[in-house]
Every structure is written in C-alpha cells, then in structure tokens.
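Peer 1: Which chain is which? The protein sequence lines are A and B, in order. Start counting the first sequence at 655; every next residue gets the next number (my numbering). Start counting the second sequence at 8; every next residue gets the next number (my numbering).
It should be emphasised that the hints constitute simulated quantities derived from the structure, not laboratory data. Among the hints, erroneous ones may be present.
What the hints assert, rightly or not - Example chain B residues on the side facing chain A (calculated, C-beta under 10 Å, incomplete):
hint : residue
1    : R46
2    : W75
3    : Q131
As the list claims (entries may be wrong) - If you want the footprint, here are the derived chain A segments under chain B, 3+ residues with CB under 8 Å:
hint : region
4    : 763-775
5    : 828-834
6    : 850-861
7    : 915-927
What the hints assert, rightly or not - Using 25 Å as the maximum straight-line C-alpha spacing, the simulated SDA-like pairs for lysine to any residue come out as follows:
hint : chain 1 : residue 1 : chain 2 : residue 2
8    : A       : K869      : B       : A440
9    : A       : K869      : B       : V415
10   : A       : K869      : B       : V240
11   : B       : K316      : A       : H661
12   : A       : K669      : B       : V415
13   : A       : K669      : B       : V116
14   : A       : K669      : B       : P21
15   : A       : K669      : B       : K139
16   : A       : K869      : B       : K139
17   : B       : K438      : A       : T792
18   : B       : K139      : B       : V116
19   : A       : K869      : B       : V116
Even for Gly, the Cβ is constructed at its ideal location relative to N, Cα and C.
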Amino acid sequence: MDDIRLHLTPSPHLKSPVSTPRIMWNVTGSLVPVVGVAIYYFGPSALLLLTAATLGAVLTERAFSPEKSLGDGSAVITGVLLGLILPPGLPLWMAFVGGAFAIGFGKLIFGGLGQNIFNPALLGRAFLQAAFPAALTTWPGAPGSWWELRGGNLALPFMSPPETDALTSPTPLGLMKFESTPTESWDLMIGNTGGSLGETAGLVILFCGGYLAVKNYLNWRIPVSILGTVVIFSGLLFLLDATRYPSPLFALFSGGMMLGAMYMATDPVTSPVTNAGAWIFGFGIGFLVVAIRSWGGLPEGVMYAILLMNALVPFINRATQPSPFGERIVEGAEA
Amino acid sequence: MRFAAGFRHGVHPPERKELTSAVPVRRMPFPEEIVLPLRQHAGKPAIPIVRPGDRVERGDTVAEADGWMSVPIHASSAGTVESIDWWPHPDGSVAEAVVLSVDRYSPQVPRPRIVPRWQGLSPQGVVEAVRKAGVVGLGGAAFPTHVKLLPPEGIEVSTLIVNAAECEPYLTTDHRIMVEYAERVQFGIRVMMHALGVERTVIGVENNKPDAIEALEATLPDDLDVKVRSVRVKYPQGYEKMLIKTLLDRSVPAGKLPMHVGVVVQNVGSIAAIAEVFETGLPLIERVVTVTGPGVARPSNLIVPVGTKLRDALEFCGGLVGDVTEIVFGGPMMGASQPDLDAPILKGTTGVVILTREESRPRQRYPCIQCGTCLDSCPMFLNPSLLGQLAQVGRYEAMGEAHLADCVLCGCCSYVCPSNIPLSQMFALSKAALRKLETQAA
Numbered sequence: 655m656d657d658i659r660l661h662l663t664p665s666p667h668l669k670s671p672v673s674t675p676r677i678m679w680n681v682t683g684s685l686v687p688v689v690g691v692a693i694y695y696f697g698p699s700a701l702l703l704l705t706a707a708t709l710g711a712v713l714t715e716r717a718f719s720p721e722k723s724l725g726d727g728s729a730v731i732t733g734v735l736l737g738l739i740l741p742p743g744l745p746l747w748m749a750f751v752g753g754a755f756a757i758g759f760g761k762l763i764f765g766g767l768g769q770n771i772f773n774p775a776l777l778g779r780a781f782l783q784a785a786f787p788a789a790l791t792t793w794p795g796a797p798g799s800w801w802e803l804r805g806g807n808l809a810l811p812f813m814s815p816p817e818t819d820a821l822t823s824p825t826p827l828g829l830m831k832f833e834s835t836p837t838e839s840w841d842l843m844i845g846n847t848g849g850s851l852g853e854t855a856g857l858v859i860l861f862c863g864g865y866l867a868v869k870n871y872l873n874w875r876i877p878v879s880i881l882g883t884v885v886i887f888s889g890l891l892f893l894l895d896a897t898r899y900p901s902p903l904f905a906l907f908s909g910g911m912m913l914g915a916m917y918m919a920t921d922p923v924t925s926p927v928t929n930a931g932a933w934i935f936g937f938g939i940g941f942l943v944v945a946i947r948s949w950g951g952l953p954e955g956v957m958y959a960i961l962l963m964n965a966l967v968p969f970i971n972r973a974t975q976p977s978p979f980g981e982r983i984v985e986g987a988e989a
Numbered sequence: 008m009r010f011a012a013g014f015r016h017g018v019h020p021p022e023r024k025e026l027t028s029a030v031p032v033r034r035m036p037f038p039e040e041i042v043l044p045l046r047q048h049a050g051k052p053a054i055p056i057v058r059p060g061d062r063v064e065r066g067d068t069v070a071e072a073d074g075w076m077s078v079p080i081h082a083s084s085a086g087t088v089e090s091i092d093w094w095p096h097p098d099g100s101v102a103e104a105v106v107l108s109v110d111r112y113s114p115q116v117p118r119p120r121i122v123p124r125w126q127g128l129s130p131q132g133v134v135e136a137v138r139k140a141g142v143v144g145l146g147g148a149a150f151p152t153h154v155k156l157l158p159p160e161g162i163e164v165s166t167l168i169v170n171a172a173e174c175e176p177y178l179t180t181d182h183r184i185m186v187e188y189a190e191r192v193q194f195g196i197r198v199m200m201h202a203l204g205v206e207r208t209v210i211g212v213e214n215n216k217p218d219a220i221e222a223l224e225a226t227l228p229d230d231l232d233v234k235v236r237s238v239r240v241k242y243p244q245g246y247e248k249m250l251i252k253t254l255l256d257r258s259v260p261a262g263k264l265p266m267h268v269g270v271v272v273q274n275v276g277s278i279a280a281i282a283e284v285f286e287t288g289l290p291l292i293e294r295v296v297t298v299t300g301p302g303v304a305r306p307s308n309l310i311v312p313v314g315t316k317l318r319d320a321l322e323f324c325g326g327l328v329g330d331v332t333e334i335v336f337g338g339p340m341m342g343a344s345q346p347d348l349d350a351p352i353l354k355g356t357t358g359v360v361i362l363t364r365e366e367s368r369p370r371q372r373y374p375c376i377q378c379g380t381c382l383d384s385c386p387m388f389l390n391p392s393l394l395g396q397l398a399q400v401g402r403y404e405a406m407g408e409a410h411l412a413d414c415v416l417c418g419c420c421s422y423v424c425p426s427n428i429p430l431s432q433m434f435a436l437s438k439a440a441l442r443k444l445e446t447q448a449a
C-alpha cells in the first residue's frame, strides 16, 4: 500500500462527460443528413464545394493556430457550415478562400476558439459576397444529369468564370422579392428549390437541430425565439397585405432561415451566455430577418441579421447578468 | 410526508451510493496511533493542555477551546501522549497535532460521565454541555455547534432544519445513521429543540434514501412537531441555503446566515452525535465515516475513533484494489485529495473516497466557448463564465463586483464545464487573493 503514488487535484473530483470536442463533433455529425440532402439535390458540385470550404478552414487552422486545436472540431464545423451556405455553381477556389477567411479573420485573429465576435462561417460568406458579388448571386439551373457539375465550379482563380449559358434558376426568395411569386410550401420544406447547398431542405435541418436541442448541445431558446418572432412578425404583415408579403410558412422555410436559426445563431461563442440574453438575441434576429426581407434591397437577410446581433452580444450579456441568490431580498423582508 | 420540488439550478452527478448504502455500520478496532490536530473545526485552534509522556484516558480533554469560536479536543482512546508536533492536515496545510500512542491493554471503559445528563438542564445548560463535549457540525464544515445554538440578541429562531440530504455522491454516512439509529436521531432533535426553544422541526432527506425516510417516520415523536420531507436528488441540495429554499421556500439573503430567516440547520449526523454525547456521557470522540469508491476492497461504513489514520481505516477495509490514483476526504464534489496515507480522519470527515484512474484521469482543457452551461448549474445564480475570465487575468476587484463573495465553491460549474476549466479552484484562489487585496487596502 505504501508504494502508491497519489494525485492531488482540486475539487470537484467528478466530471460530467460532456466536453467541448464532444459538442463540436456532435454538431458536425448532426449535419450529415443536411450534407446528404445537399448532395442529393446538387450532385458532385455539393461534395466538391463542401470539401473545398472545409479544406480552406482546416488548413488555415492547422497553419496559423498556435495550439493543436484541430481536434476540438470547431474548424471543421466552420468549413462545413460555410460550404452549406454557398451557391452550387460557385468556383471551388472561392469556397476555399472563403473557408480560409472564415477561420483566419473570423476566428484566429481574435485569439482563437471562444474569442471571436462574429460567426466565422457567416463572416466567410459575407466576405465572399463582398468580394465576388456576381458569383455569389448566380443560381445555376437544373443540369442534364445528376453527375453534371452545376455552373462554374472548376473556374481557375482570378479568371472570369466561363459564361454559363444563362440557365439560371431563381431562388424562392428572389422570386418572392422581385416577382412576388410564392413557391409551393411542400417543395420549400423538402428543399426541392433553388438556393444554397444546404439551406433548402428546412424540414431536415429542423430535425437535425432538434436532435442537438434534445441532447442539450445547443440552447433551444435561440431557435425557438428566432422562429417564433419570424412567425408572429411575418404573420402580422401577411394579414395586413397577403399579396405583398409571404406567408409565415414561406418565411420559415425559405432561404437560410432554418440553417441560420439552428446552426448559425446557436454558435455558443457568438451568442449570449445568459438565457434571458438568448431570448433577446433570437427576437432581434427574427425581427431583422423579416425587416430586411420585407423592406431591404436584398432578398435574404438571415446572414446580416445574425452578424448584426452577434455584434450586440457583449451588450446583451451585460444587460442580462443573473441576479445572485439572495441578493435581491430586502433585509428582513422574509424573516 | 410531502415531496418538495426544490431550488433551481444545480447538477446531478452519478450517485454511486449503492457501494455502501446497504452495508451496516461496523466499529473499527483501535489503531496503534492516533493523531488529533488542534484545528478540526471552523474557528480558532484548540490549546493543548497535555505534555508528551502524559497518560490520558478515553474522553479526557487534551486541548481546551480558545475562546467562543473554538471547541475542545478529547482523547479518542486511552494511551500516552507521544508528541505535540506539526502534522499534515487533511485540508492540505500543516497543523499542530497531539499524537497518542494507544494503550492496547486498556479496557477503554468510560470513567464517570464527562457530559451531564440532559434531563433538567436549562437551554443554556445544554449549550454549555455541547460546547464542553467538543461537538461540531459533522456534515463537513465542522462549524462549532454551540455557536449555532445561541443566536445573537434580537434574532428569533422558529424552525430547526435537519439536513439529511447527503447530496454528495458515494457518501452513505448519514443514510446509515438514519436507518440504524433513527431513535437516536429523534432524541437528538428533542435535545436540540429544547436548547433552541423552537416549536417545529423539518427533516429533509433526498428521495434516494427511502429506507431512511421510513425509519424516521416510524420513530417520530408524538409530542413534538417533527416532519420528514423527501426532497429531490440534486447537488447541492445539502447546502443549507438550498435546503431552506427547498423546504421552506425562504431565501437566505446574500452574506447572511440561516438564522436571519429564522432557521437553524443541523446535519443529521451531528444531531445523532449530540444524542450520543448525552446518552453515553462521553464527548465527541468518534464518528461514522463511509470508506468507499472503486479503489477499496470492502467499501464500508465505519465507526472510527477521531484521529484514526487513513492507512488504518483502509487496512480494516481490506486495503486498496485496482489502479488507485486519488484518495479524497469528504465527498467527491467538495472534498480534498490527500497526499499520503497518514492523514487523520477528523470530526468533520464525512467520508473517504478512493478513486481509480478511470474516475480521475486528467482531462485536456479547452478555451471557454461561452456556452453558458455553468450559469445554468450555479445554485447561487452567479456567472462563472465571466468570473473565470476575470480570474484568468487577475482582475480580483472586478470579480468582487461580480459577486465572487456569494460563491460557495460547490463545484457545479467545474463539474459541467465542457472545456474542463477548473472554475471553482480558480474562485477559491481568487477569494484568497481578493481578501489579501482588501486587507492591504484597509
């Protein structure tokens, strides 16, 4: 018994099995069905774009992160999420640059995991949209076969993408914005529409996000308050003028709404740390999405709504600090 | 019996009580040597009144209380004082201790009563007897019991709460006391109610101890208002402010004591100890302790003389098995790891938990991802995430403003943190640093 070497560690001596990598890899794993749907609808283009964006993210993390931080899984999530919000015809090199920007300027420059202000994947998308506005708003039409690449995936860096034969198909949001034409609800829910790779199948995303919420890997208050706000706010507008404004169901299942609410806004790093803050944060996003879509110049507003609310998170946190147990009680009031 | 929902937040670690919850309490034989640190209680250390070479009998005072916030220490065995010297203290420091060489041939019979009979004693008389008997809270904090029994002027205490939650995983000390010594617990409650002059008592037991609840209900006195209430299994249910919230729905104001909401909380083990003191006439010289965990051959509930060394208790339980890496005094959530096997079991040692590599393997630390899980776990409604970030950069004053003083170091935040940040350890160190800053400023 005397040859034993005892460890001295601080209490508590028990530890819950949930760890940061476990959360990250669960989130990544939960995206498998979403990726599957993207490949089903957009063929090899989806696979190539997701790979390019993820490679950009992972290689940048590998090259510039001082610690061995690839194992925590956060770079892979950023890459996959970025890939899912790109249009199917985007040149691969742009996806790669977007992934590199998302990690380099979206995360590492702030000090790495836990320090960034903005959602890295959305920041990567915003950067691409600013740098290559034409490529990011080109939605290629349906090709002849599943195996065919969509649009100019293979364009070389800094070359103008080859002229596609103008076979573009508008997204449901574009149709709504510019032609006031709604899309069939069922097509929207199962993703049988134009749009970014992984954003179209709202029902699948809802299911995957629900899994994460049940496992407590995301704060359910954020998607609930975003989607709730969108339903109420767009419902009011729809009641006011059903010809100009889309139905709440359309608002929920179009564009990046589901993916944004379930996977982008719930990024723990860039969302409020308090539960009261989560409700405010979600309300703000929902409000901004409907406002941008209804009165802004762009058909879609999810990305900017989340990025804007990301910027407000420190203030939301400060305004919603918990009140310690027993601090609010007036002395003797309960005695 | 009514079921109480309880306080908000907290955690639910695996209970692991099945190792010893059905194991009857056994008395351990006297070891060869006993170590009695002079500081076994909250407050000032006792002052030794024996010298090396002195002969002591079981129950003799070896150290006197130093003032009101202190208690005397008694010999837990007949024997000879070997030395009074510095000895490693289970809390990680070193403290002066009286070391006794046990007289193996002594019959260990009690001499005339040291503690008087309680019949006919005034409330003050009971308090004085409890103080002389060296009774402290046996639930871990070792707060001198007589101090709790005499609330200061102007404070009215109406309710006695018996803390039988035993929310720490692994420990079954209180559980077995309730099952096997229910009558004694009821007698202790009677004495305490007399001393405090309260009308009503509520016993709070976590609902993972149905046999204890049954035993207590079967022995309830007819002439006193004593109730047993089953409470939810949740850590830290046994922290007194949480138990008061659960049982009476009263919130003790920050920085105040339970008596400020008219309540005195006593651990059920302490109550049984008080009863025993008046029954036997001997001071507090032994206690029930759970020796458990995957690393011990025969997990047991033992009655040990105070001052028994860890080594002797382990030997009595069949020694260590498996890849033992860590031995904790107290529960695994708040207890302290022991550096060696000579650590003495004190009045406040609720259990000895022997962990193997499986439970205590080191975990890689990751940056805080602001997930907020710690906020959802904190029973005091603090922001451990913010406090942790402030601690990391040494901003102790800012931590003070973020209510560091309200932190009770229960360890919930560290337990849930997915990034394995040792939050409660950081807060313990920050509290000390902040105190130092404040004394320097004063």
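Peer 1: Each of the hints needs a verdict: does it hold here or not?
Peer 2: Outcome of the hint check:
1. Because the closest C-beta pair between R46 (chain B) and chain A is about 20 Å apart, greater than 10 Å, the hint is violated.
2. Violation of the interface hint for W75 (chain B) is found here, the shortest Cβ-Cβ separation to chain A being roughly 24 Å, above the 10 Å cut-off.
3. The criterion of a C-beta within 10 Å of any C-beta in chain A is not met by Q131 (chain B), whose closest approach is roughly 24 Å, and the hint is violated.
4. With 4 residues carrying a beta carbon less than 8 Å from a beta carbon of chain B, the region 763-775 of chain A meets the three-residue requirement, and the given coverage holds.
5. For the region 828-834 of chain A, the stated coverage by chain B is not satisfied: 0 residues place a CB nearer than 8 Å to a CB of that chain, which falls below the threshold of 3.
6. For a cut-off of 8 Å, the count of residues in the region 850-861 of chain A with a CB near a CB of chain B stands at 0, and the three-residue condition is violated.
7. Counting residues of the region 915-927 of chain A whose beta carbon lies closer than 8 Å to any beta carbon of chain B gives 5, which reaches the threshold of three, so the coverage claim holds.
8. Among the hinted pairs, K869 (chain A) with A440 (chain B) is inconsistent with the structure: their alpha-carbon atoms are about 38 Å apart, more than 25 Å.
9. Taking the CA atoms of K869 (chain A) and V415 (chain B), the gap is near 29 Å; set against the 25 Å cutoff, the hint is violated.
10. A C-alpha spacing of about 21 Å is found between K869 (chain A) and V240 (chain B), which places the hinted pair at or below 25 Å, so the restraint holds.
11. With a C-alpha separation of about 18 Å, the suggested pair K316 (chain B) and H661 (chain A) falls inside the 25 Å cut-off, and the hint holds.
12. At most 25 Å may separate the alpha-carbon atoms for a hinted pair to count; K669 (chain A) and V415 (chain B) meet this at roughly 18 Å.
13. Distance restraint check for K669 (chain A) and V116 (chain B): the Cα-Cα separation of roughly 46 Å exceeds the 25 Å cut-off, and the hinted pair is therefore not satisfied.
14. Taking the CA atoms of K669 (chain A) and P21 (chain B), the gap is about 10 Å. The hint holds against a cut of 25 Å.
15. Restraint check for K669 (chain A) and K139 (chain B): not satisfied, since their Cα atoms lie roughly 41 Å apart, outside the 25 Å limit.
16. Of the pairs offered as hints, the one joining K869 (chain A) and K139 (chain B) is violated, with about 54 Å between alpha carbons and a cut-off of 25 Å exceeded.
17. For the given pair, K438 (chain B) sits about 58 Å from T792 (chain A) by alpha-carbon distance, which is inconsistent with the 25 Å threshold.
18. Distance hint between K139 (chain B) and V116 (chain B) is fulfilled; the C-alpha atoms sit about 20 Å from each other, no more than 25 Å.
19. Note on K869 (chain A) and V116 (chain B): the hinted pairing is violated, with a Cα-Cα distance of about 60 Å set against a maximum of 25 Å.
Checked against the numbered hints listed earlier, the structure breaks hints 1, 2, 3, 5, 6, 8, 9, 13, 15, 16, 17, 19; every other hint is satisfied.
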